[in-house]
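2 protein chains.
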Amino acid sequence: MKGKEFNYSFKVKDESYLWSEDNEVISFHALSTSSLLEEIHKCTYNILKDLLEKDQVSVVSHSCIDHLSSTPYSFKVFIKLKITDVSYNKVHFQGEAFDEINKIATFELTRNIVSKKILRKNLNQKMESINLSGQISERYT
Amino acid sequence: MKGKEFNYSFKVKDESYLWSEDNEVISFHALSTSSLLEEIHKCTYNILKDLLEKDQVSVVSHSCIDHLSSTPYSFKVFIKLKITDVSYNKVHFQGEAFDEINKIATFELTRNIVSKKILRKNLNQKMESINLSGQISERYT
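As given, the protein sequences belong to chains Z and W, one line each in that order.
When the letters of the first sequence are read in order and numbered with my numbering, they come out as residues 69 to 209.
When the letters of the second sequence are read in order and numbered with my numbering, they come out as residues 69 to 209.
Since the hints were made in silico from the structure, they are not lab data.
Source: prediction; values computed, not measured.
Warning: the hint list may mix true and false statements.
One copy or two, either will do: identical chains are not told apart, so a pair holds if it fits within one copy or between any two.
Keeping only pairs whose Cα atoms sit at most 30 Å apart, straight-line, the calculated DSBU-like set for lysine-lysine is [as the list claims (entries may be wrong)]:
1) Lys-70 - Lys-117
2) Lys-70 - Lys-81
3) Lys-72 - Lys-189
4) Lys-144 - Lys-194
5) Lys-122 - Lys-185
6) Lys-70 - Lys-194
7) Lys-81 - Lys-189
8) Lys-194 - Lys-150
9) Lys-158 - Lys-148
10) Lys-117 - Lys-72
Start from the sequences, fold in the hints, and give me the full structure.
Below is the structure:
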């Protein structure tokens with residue numbers, strides 16, 4: 069897998085992709101950094117998905133982006149990335165993103181391969197621990 | 069501004085916050101890394117907003133996160149961050165995020181202060197350059 073290259077593209081096709089902290093910012097009609105990252109995350113998820121065992125899933129443990137240039141609504145974005153290292157349960161990616169005019173970002177990303185069962189257990193334990201402390205505080209206050 | 073600390077919180081209160089690359093992943097009901105980053109970005113945007121001139125706006129130029137632990141749906145998330153440096157037009161932030169149980173992330177972020185007019189001009193130029201090349205290719209092919 070190490071050194072393998074992948075390409076992926078998407079279109080800034082609806083408002084969910086737009087920079088949107090307030091109404092003025094929305095009026096720029098520009099791709100947001102977090103939406104660009106969401107697409108990059110999705111891309112690396114799909115690359116690993118078919119390679120994993122049935123009980124495994126990959127989660128983002130590290131994600132880093134330099135956002136270099138703004139991309140208008142309706143533009144296509146091209147993501148080009150490669151796997152730079154695989155060690156123990158970690159897969160490291162590095163890549164670049166371009167729109168139809170120029171390079172818009174460079175990024176690095178690590179996904180950890182984890183057991184679905186353990187992930188579900190951890191999430192459930194967190195939920196239960198909150199419910200329990202809720203019951204205790206109801207009982208004693 | 070340098071060294072100043074800020075706190076912000078939000079609730080994982082609807083599906084837009086959830087990890088969602090496919091249906092199985094949605095069933096974990098866990099906060100996604102990109103939604104967590106979106107909230108962190110929003111937080112730094114709001115910190116700077118009232119300090120800028122009318123024609124200025126801040127854009128994310130660098131964003132880096134280590135996502136350490138999963139957060140279930142309905143949990144509150146607390147973001148704690150400080151400005152570590154201000155140089156020329158760049159404001160650097162560093163921080164941590166916690167849910168109701170433990171620390172879930174550490175992050176670093178840089179926002180560039182840019183002129184709204186220039187940002188709008190750059191976006192328009194990109195749009196025009198695509199429209200123009202569309203017209204040319206229609207005419208000559």
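Checked hints:
| no. | hint | verdict |
| --- | --- | --- |
| 1 | Lys-70 - Lys-117 | within (16 Å within a copy, 43 Å between copies) |
| 2 | Lys-70 - Lys-81 | neither (33 Å within a copy, 38 Å between copies) |
| 3 | Lys-72 - Lys-189 | neither (33 Å within a copy, 38 Å between copies) |
| 4 | Lys-144 - Lys-194 | between (40 Å within a copy, 12 Å between copies) |
| 5 | Lys-122 - Lys-185 | within (11 Å within a copy, 51 Å between copies) |
| 6 | Lys-70 - Lys-194 | neither (35 Å within a copy, 36 Å between copies) |
| 7 | Lys-81 - Lys-189 | between (37 Å within a copy, 21 Å between copies) |
| 8 | Lys-194 - Lys-150 | between (35 Å within a copy, 28 Å between copies) |
| 9 | Lys-158 - Lys-148 | both (20 Å within a copy, 28 Å between copies) |
| 10 | Lys-117 - Lys-72 | within (15 Å within a copy, 42 Å between copies) |
The structure shown violates the earlier hints numbered 2, 3 and 6.
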